[in-house]
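Visitor: The primary structure of each chain is shown beneath.
Protein chains: 2
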Amino acid sequence: MNHLVIMAGGVGSRFWPMSTPAKPKQFIDVLGTGRTLLQLTVERFAGICPIENVWVVTSVKYKELVKEQLPEIPESNILLEPCMRNTAPCIAYVAWKIKQKDADANLVISPSDHLVMDVPEFRRVVCKGLEFVAGSDRILTLGVLPVRPETGYGYIKAQAGGDGDILEVESFKEKPDIQTAKYYLTAGGYYWNAGIFLWNVQTIEKAFRDNEPGIAAIFDSLQSVFYTVEEQRAIDRKFPECPNISIDYAVMERAENIYVFPVSFGWSDLGTWGSLYEQVVKDLDSNAVVGQNVRMVESKGCIVHVPDDKKMVLQGLEEYIVAEENGVLLVCRKTDEQRIKEFSSKL
Amino acid sequence: MNHLVIMAGGVGSRFWPMSTPAKPKQFIDVLGTGRTLLQLTVERFAGICPIENVWVVTSVKYKELVKEQLPEIPESNILLEPCMRNTAPCIAYVAWKIKQKDADANLVISPSDHLVMDVPEFRRVVCKGLEFVAGSDRILTLGVLPVRPETGYGYIKAQAGGDGDILEVESFKEKPDIQTAKYYLTAGGYYWNAGIFLWNVQTIEKAFRDNEPGIAAIFDSLQSVFYTVEEQRAIDRKFPECPNISIDYAVMERAENIYVFPVSFGWSDLGTWGSLYEQVVKDLDSNAVVGQNVRMVESKGCIVHVPDDKKMVLQGLEEYIVAEENGVLLVCRKTDEQRIKEFSSKL
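If you're matching them up, the sequences are chains A and B in order.
Per our numbering, the very first residue in the first sequence carries number 1; after that it's consecutive.
Per our numbering, the very first residue in the second sequence carries number 1; after that it's consecutive.
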C-alpha cells in the first residue's frame with residue numbers, strides 16, 4: 001500500500017510575524033488562495049493513497065491546528081512529537097508505526113509548507129516514483145531542475161551516464177555560494193533537493209539500522225505501544241532521547257541505492273519572502289499583496305501579507321515587506337529579510 | 001463671573017487614521033502623555049473659573065466621549081450641536097445661554113485640540129486678558145509671537161505705535177504664502193492667530209447683532225427653552241438654520257475694538273503631522289514615536305502614533321508617517337501628509 005507522510009512540525013521563523021511559533025507557515029494561507037500550505041499539500045496528493053494512509057507528523061502543540069485544517073484525516077493518523085528533533089526521528093517514528101501494520105508499505109515523505117504549481121505533473125511523478133521504489137531497496141528523491149543559480153537550496157548531483165527518467169545520485173550538496181550555484185546551473189546534472197523522498201518501509205528501516213542504530217533502537221523499544229492508549233505517553237518519554245538530526249544527514253548522504261528523479265512542476269520551498277513574492281500575483285506596480293483591504297499608493301515591488309479584515313493604506317514604499325498577524329506588524333526592506341529573526345527578537 | 005468655553009466639535013480629518021470622524025483628534029492622546037488634547041485643554045485652564053462655568057460645545061455624536069473624558073464637568077454644561085456650522089453659531093449658542101443666567105459674564109473661547117507648553121505663562125496671560133475685557137466692550141485675541149515663517153496659520157496684524165502689553169488690531173490675515181510669511185516674520189507686528197478669544201458676553205451679543213443678525217435672531221428665539229427639557233429638541237430644529245461661518249469671518253474681521261495680546265507660551269495648533277512631530281520627544285534617530293510597543297530599526301525622522309498595545313517593528317523607513325487606530329494602518333511619506341484625505345478615501 002502507498003502511504004503519504006506529511007511533516008508539519010516546522011516553526012517558520014523567517015516569516016515572522018505572518019508565521020509565529022504558535023501558528024507557523026504551514027498552517028497559514030500564505031498565497032491568499034483560501035487554503036493553507038498544509039491543506040494545499042494534502043490536496044496535491046489526492047488519489048495517491050486512501051485517506052486512512054495519510055499521516056501527519058507534527059508537534060504536540062499543533063494538534064488542534066492539524067485537526068481543524070484537515071478534518072478528513074483520522075485523528076489517530078496525526079502523530080505528535082513532544083519536542084523538535086529535526087526530520088530523521090520524525091520519519092523513523094512514522095515508518096516504524098506503519099511497518100507494524102503494513103510491512104510492505106511504500107512511503108512518500110513530504111514537507112508541508114512547499115509550493116507546487118503543476119499539480120497533475122506532480123501526481124504523475126509521484127505515481128511513477130512509487131512504482132520505482134515498490135518492492136525494491138531503492139531510495140528515490142525528487143530533484144527539481146534548477147531555473148536560476150539559487151543559493152538557498154541544497155542540490156543533488158546525479159551520476160553521469162544515466163538513461164531513462166530516473167538517475168543514480170552521486171552526492172548531496174550543501175547550499176552553495178553564488179559562484180558554485182552558477183556553475184551547477186550551467187554544468188547540468190545538479191538538481192534542487194525538494195525534500196521529498198519515496199521508499200519502501202523496509203528500506204527506511206534498514207537505512208536507520210545501518211546509519212542511525214540509536215534511533216532504530218528507540219523505536220524498536222516502542223513497538224509494543226503503537227496503536228495503544230499508551231503510545232503518546234511512551235513517545236513523550238522516549239522521543240526526546242533521539243538525536244536532533246535531519247534525514248538528509250542521517251540517511252541520504254550515507255546510504256546507497258539513492259536515486260533522483262529530475263522533475264519540473266513549478267516548485268518552491270517558499271523559504272523566503274523573496275520566493276513567496278515570486279509566487280504571488282503582482283499588481284501593475286509589481287506589488288504582491290495578500291490581504292483584501294490593502295491599498296497601495298505609489299508603492300512598488302512590495303510584498304504584503306495581512307489578514308483580509310486588516311485595513312491599510314501603504315504609500316510611497318518601494319521594495320518593502322509588510323506583514324501583520326495577531327496585531328503584530330513588521331515593515332522591513334526586502335533586502336534585509338534574512339534579518340527578520342533579529343527584528344522579531346526586538347519585541 | 002469668568003466662563004470657559006471649549007469648542008470640541010472638529011473632525012480632525014488630516015490625522016487619519018489616528019483621528020477619525022468617530023473619534024477625532026481632540027479625544028485622542030496624540031502626544032502620548034496619557035491625557036487627551038481635550039483633557040489637557042481643560043487642565044490648562046484650571047483655576048481660571050469654577051468647574052460649573054466650564055462649557056464644552058461639541059457634536060451630539062461626541063457627547064459620550066466628552067462625558068467619559070471630562071467626568072468632572074456637569075453634564076448640563078455639555079452643549080450639543082446637531083450638525084456642523086463652524087465656530088460662529090457654536091459661540092452664539094453658548095453665549096446666549098450663559099448670558100441668560102450671568103448677564104455680565106466674561107468668556108474665554110478656546111479650541112480643544114491645540115497644545116501649550118508653558119502652562120503657567122498661559123494662565124498668567126488668560127487672567128490678565130480676562131481683566132482687560134471685564135466690564136468693557138473690547139474683544140481680545142491671543143496672538144502668538146511667530147518663530148518661523150509658518151504658512152499654515154492665519155496672522156493678526158497689530159497697529160503700530162501701541163504701548164503696553166496689549167495692542168489694537170489693524171487686520172486679520174489669511175494663511176500666507178511662504179514669501180509673505182517670511183516678510184511677516186522679519187517685519188514684526190504680525191502674530192499667529194491662536195483661535196482664543198476673550199470678551200464679555202454683552203460684547204459678543206452686540207457683535208452678532210451688528211454683524212450676523214440672522215444668528216442673533218435664531219438664539220433670541222430660543223431664549224425660553226434654555227435650561228429646560230425642551231432645549232435639545234429646539235436646538236436640533238433651529239441650529240441647522242444657522243449659516244456655516246467661522247467666528248473670524250463673522251465677527252473678528254468686521255468688528256471694532258479688537259485687541260491682540262502678543263504671547264509666547266509654546267503654542268501649536270497640532271494641525272499637521274509635521275507640527276505634531278515637532279512636539280513629541282524624538283529618539284536618537286529623530287523618530288517621534290507614540291506607542292509603547294514600537295521598535296525602530298534603522299529608521300529615521302519618522303512619526304509613529306499607534307495604540308500602546310500595538311506591537312510593531314519598523315525597519316529601514318526614513319521620513320514616514322506610520323499611524324494606526326481601530327485596526328486601520330497608514331504608512332505614508334511625511335512630505336505627502338497633505339494628501340492623507342485622499343489616502344483615507346481609498347478604503
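Be aware that a few hints might be false.
Copies of the same chain look alike in the list, so a pair counts if it fits in one copy or across any two.
With a Cα cut of at most 20 Å, we get these calculated EDC-like pairs of lysine to aspartate or glutamate [as the list claims (entries may be wrong)]:
(1) Lys-300 to Asp-336
(2) Lys-300 to Glu-342
(3) Lys-99 to Asp-269
(4) Lys-310 to Glu-342
(5) Lys-99 to Glu-205
(6) Lys-334 to Glu-319
(7) Lys-300 to Asp-283
(8) Lys-300 to Glu-170
(9) Lys-63 to Asp-165
(10) Lys-334 to Glu-298
(11) Lys-346 to Asp-308
(12) Lys-346 to Asp-283
(13) Lys-300 to Glu-318
(14) Lys-63 to Glu-205
(15) Lys-206 to Glu-337
(16) Lys-334 to Asp-137
(17) Lys-61 to Glu-325
(18) Lys-282 to Asp-308
(19) Lys-157 to Asp-283
Hints are computed from structural coordinates only; laboratory data are not their basis.
Quick caveat, the model's predicted, so the values are computed rather than measured.
Visitor: Against which earlier hints does the structure fall short, listed by number upward?
Guide: The structure breaks hints 3, 8, 9, 14, 15, 16, 19; every other hint is satisfied.
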